[in-house]
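S.K.: Listed below, chain by chain, are the residues.
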Amino acid sequence: MRIHYYATLREVTKTREETWTGPEKTLGELLDALCKKYGPSFQKWVAQDGHGSLAIFLVNGQDYRSLDGLETRLSPEDTVSIFPPVAGG
Amino acid sequence: MFGWTGTILRVNLTTGEIKKEPTNLKDARLFIGARGLATKILSDEIDPTIDPLGPENKLIFAPGPLSGTMAPSMGRYDVVCKGPLNGTVAASNSGGSFGPEVKFAGYDMIIFEGVSKKPVYLWVKDDQAELRDAADLWGKNVFDTTDLIRAATEEEAKIACIGPAGEKKVLFASVMNEMHRAAGRSGVGAVMGSKNLKAVAVKGSGVLEVARPEDFEKAVMTARKMIENHPVGGAGLRLYGTEVLVNILNGVGALPTRNYHESYFATADKTGGETLSAKYLIRPKGCFSCVISCGRVTKVTNPKFAGEGEGPEYETGWGFGADSGVDNMDAIIKANYLCNELGLDTITCAATIACAMDLYECGYITAKETGGMAIRFGDGETMVKLVEMIGNREGIGDQLAEGSYRFAEKFGHPEFSMSVKKQEMPAYDPRAVQGIGLQYATSNRGGCHVRGYTISPEVLGVPSKFDQHTTEGKPNLVITFQNLTAALDSTGACLFTTFGIGADELAALLSSVTGVPYSTDDFMKAGDRIWNLERLFNLKAGLAGKDDTLPQRLFEEPVPAGPSKGEISHLDQMLPEYYSLRGWTEEGVPTAEKLSELSLS
Amino acid sequence: MAKILMIYPEKCTGCLNCSEACSYTKEGRFRSAASRVHVYTWEREGISVPMMCQQCNDAPCVSVCPTGAMHRNTGELIVQYDLSKCIRCRMCVQACPFGNAVYDSVTDAIIKCDHCQGKPACAAACPVKALEYVDESVSTRTRSKAFAQKFKEAFQEVA
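If you read the sequences in order, they're chains A, B and C. 8 is the number of the first residue of the first sequence in this note's numbering; add one for each residue after it. 137 is the number of the first residue of the second sequence in this note's numbering; add one for each residue after it. 6 is the number of the first residue of the third sequence in this note's numbering; add one for each residue after it.
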């Protein structure tokens with residue numbers, strides 16, 4: 008699974024993308040695992056009760072809210088893109 | 137008087153007469169100010185069928201009732217006239233601090249009529265106004281013009297001016313203020329050039345008061361807090377600027393690429409806000425009373441494309457980037473600087489060049505027509521050269537200066553122009569985002585995103601998420617955004633305040649400043665009224681329902697690759713409902729009943 | 006604790022919220038000349054610098070004032086202006102080396118920053134903290150720390 012990070016998350020994770028080989032089966036599980044790995048400075052941008060409700064999560068270019076939300080199932084060939092809520096124009 | 141100053145300055149460039157007249161306050165209440173009120177005056181005073189570059193057109197510089205107060209990020213103004221790019225009513229919005237200065241000088245707007253025999257500029261200092269010879273300024277770029285006029289008037293005068301592009305009547309010439317802020321679209325700069333008006337310089341030492349200070353202070357604090365707490369209005373835009381949208385739109389497969397042949401650009405990241413911030417950003421910049429600071433002070437050091445200034449914004453980064461197939465950020469930023477110096481709309485300029493690239497690659501124009509130049513997608517150097525040629529109407533630039541539609545039509549392929557009503561569509565692909573396609577098709581000035589920015593709900597999920605690929609509920613969504621934006625524009629507010637506040641807060645600010653009680657409904661109704669007024673003007677100018685459409689490519693060529701592969705625009709599923717919800721006939725004409733409801737009969 | 010109104014021009018966006026807030030606080034309305042803060046903007050380079058009275062210890066405006074209109078009360082930090090004693094000689098305007106005292110014809114008075122009784126409106130209004138009302142002892146820490154950070158990064162790389 009490939010994960011792409013954008014905007015402020017690049018500074019937090021110190022990378023643009025990473026290959027993920029963890030056991031997580033849903034988007035929600037993956038986000039939890041990433042929050043654990045990168046800590047509170049990552050969590051504040053993606054947690055649903057904070058700014059995360061405005062974050063954009065794409066699975067293969069499809070917005071997670073048009074799929075099964077945080078229950079969207081993931082497979083090893085998927086690409087997940089995570090955008091913190093920073094944009095407009 | 138509060139909010140409105142009550143005085144309009146009217147300048148007859150033919151006779152040289154300058155006079156003051158009272159603002160029609162009944163109209164001011166109904167149409168608010170800026171875009172709305174100036175459009176009302178234009179509608180009353182000119183025949184919509186006139187030649188936009190002829191002497192009968194009028195050019196109005198109009199701030200809003202909030203401009204000049206401490207209402208947060210609400211110091212903008214509009215340049216209003218009949219637009220020469222496509223004959224629609226043009227109201228081009230700009231920030232900086234020019235608008236507030238007009239208010240401080242004591243005016244709700246400055247109206248120019250007629251044509252000056254020789255190049256002139258207007259110098260306004262409070263109640264004194266005079267036309268001055270601009271012979272020494274004619275031919276100078278925007279930056280030099282601004283400095284020279286300041287030296288000749290006052291160092292802290294605010295200047296709105298045209299560059300060589302406006303003087304040469306490039307059909308998408310802009311009016312620039314504070315050097316880097318643009319009233320960009322629809323060719324308002326060409327109208328200024330056609331009147332031999334080089335600049336408007338203003339210095340105001342007057343007073344602006346608010347009707348209900350306590351309510352105003354509360355409304356300002358509330359609005360500031362809401363904007364500051366919003367991740368976009370409060371942090372994102374200051375950190376990355378609007379260019380941060382590049383990767384998002386690309387991520388969902390909605391970044392029009394190579395003149396709308398595709399909607400995904402593989403190297404988009406090189407042209408986005410993250411790259412801009414990391415490599416080119418010096419510091420953020422804010423317009424008058426702004427709390428968001430989305431402006432980018434930038435610099436390019438590569439000697440081939442060296443320059444400094446402000447920008448680029450998202451549409452510019454897209455137009456000179458993905459749309460032209462260019463991922464050389466130095467070239468993109470240089471093209472942006474040149475547009476500002478010459479006074480050109482970056483969206484139309486870039487999309488016109490992209491159209492030329494498309495025609496060249498398909499063999500419909502050749503080296504014979506281009507004077508030996510190869511114009512190909514991805515060639516940043518040629519792209520930058522073309523911007524200079526367009527701004528000066530040199531070589532093929534003279535033909536490109538007519539915009540993509542007339543250019544493509546001349547070579548037998550108008551369908552290569554990615555425009556609506558001859559104004560080029562900006563940076564969101566209607567095949568990938570259905571609602572924005574309806575906005576483009578119905579916008580009162582042609583291809584335009586900003587007046588009905590449904591990208592917010594459809595892609596960003598602000599204020600709530602709508603599926604970008606479906607058509608359900610989109611007509612209502614587009615109408616709501618169009619009405620809200622029309623009213624918002626007319627107050628002097630910046631659209632980006634909507635990353636934080638909405639109609640409630642805007643109505644509260646407007647009421648506390650002017651003393652006129654606007655409910656949220658009144659506010660939205662004013663927006664509906666302004667939208668319909670613009671529609672009426674356009675219908676009288678000769679446009680019709682059949683012009684509410686999109687380029688054939690978006691119906692016939694599905695997106696070939698990327699996250700939105702296979703999609704086309706389903707405008708036909710949305711347009712009839714749009715007309716119906718607007719209270720218009722099936723041909724898109726406002727009914728008598730609708731006009732009466734809006735006090736427009 | 007002594008406070009200073011710190012200016013960080015590197016952060017200033019040129020938005021003029023400070024001038025607007027100052028004018029509104031002092032006169033209840035918006036008038037650019039009423040602002041005790043003046044922001045200078047260089048548009049080509051995109052740099053803006055807010056300027057206001059620096060409350061000098063041995064203030065030249067106080068030294069030259071013939072009536073004591075410009076004065077400092079013992080133990081206080083602010084150079085005060087007593088309108089009732091002012092004869093509008095404008096010697097303070099001549100004397101200030103920074104040009105931070107000006108004569109305003111509309112109110113017929115000298116305009117000069119007085120920190121708004123300890124709650125400067127300009128600092129509160131600034132959206133990017135380009136103006137901050139801070140204890141003198143920590144006033145320059147943000148700036149010097151920013152440069153200390155560069156030292157740190159340089160040495161971390163080498164080590």
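Treat the hints with caution; some may be incorrect.
[To be verified] Derived list of chain B stretches under chain A, where covered just means 3 residues or more per stretch with a C-beta under 8 Å from a C-beta of chain A:
1) 370 to 376
2) 384 to 391
3) 702 to 715
Just so you know, the hints here were simulated from the structure itself, not pulled from any lab data. All values reported here derive from a predicted model rather than from experimental measurement. We put the CB at the ideal spot given by N, CA and C, even for glycine.
S.K.: Hints first: check each against the structure and report whether it holds.
M.R.: Cross-check of the supplied hints:
Under a criterion of three residues with beta carbons nearer than 8 Å to beta carbons of chain A, the stated coverage of the region 370 to 376 of chain B is upheld, 5 such residues being counted. Only residues whose beta carbon comes within less than 8 Å of a beta carbon in chain A count, and the region 384 to 391 of chain B has 4; three or more means the coverage holds. Check on the region 702 to 715 of chain B: 0 of its residues sit with their Cβ under 8 Å from a Cβ of chain A, so the three-residue criterion for coverage is violated.
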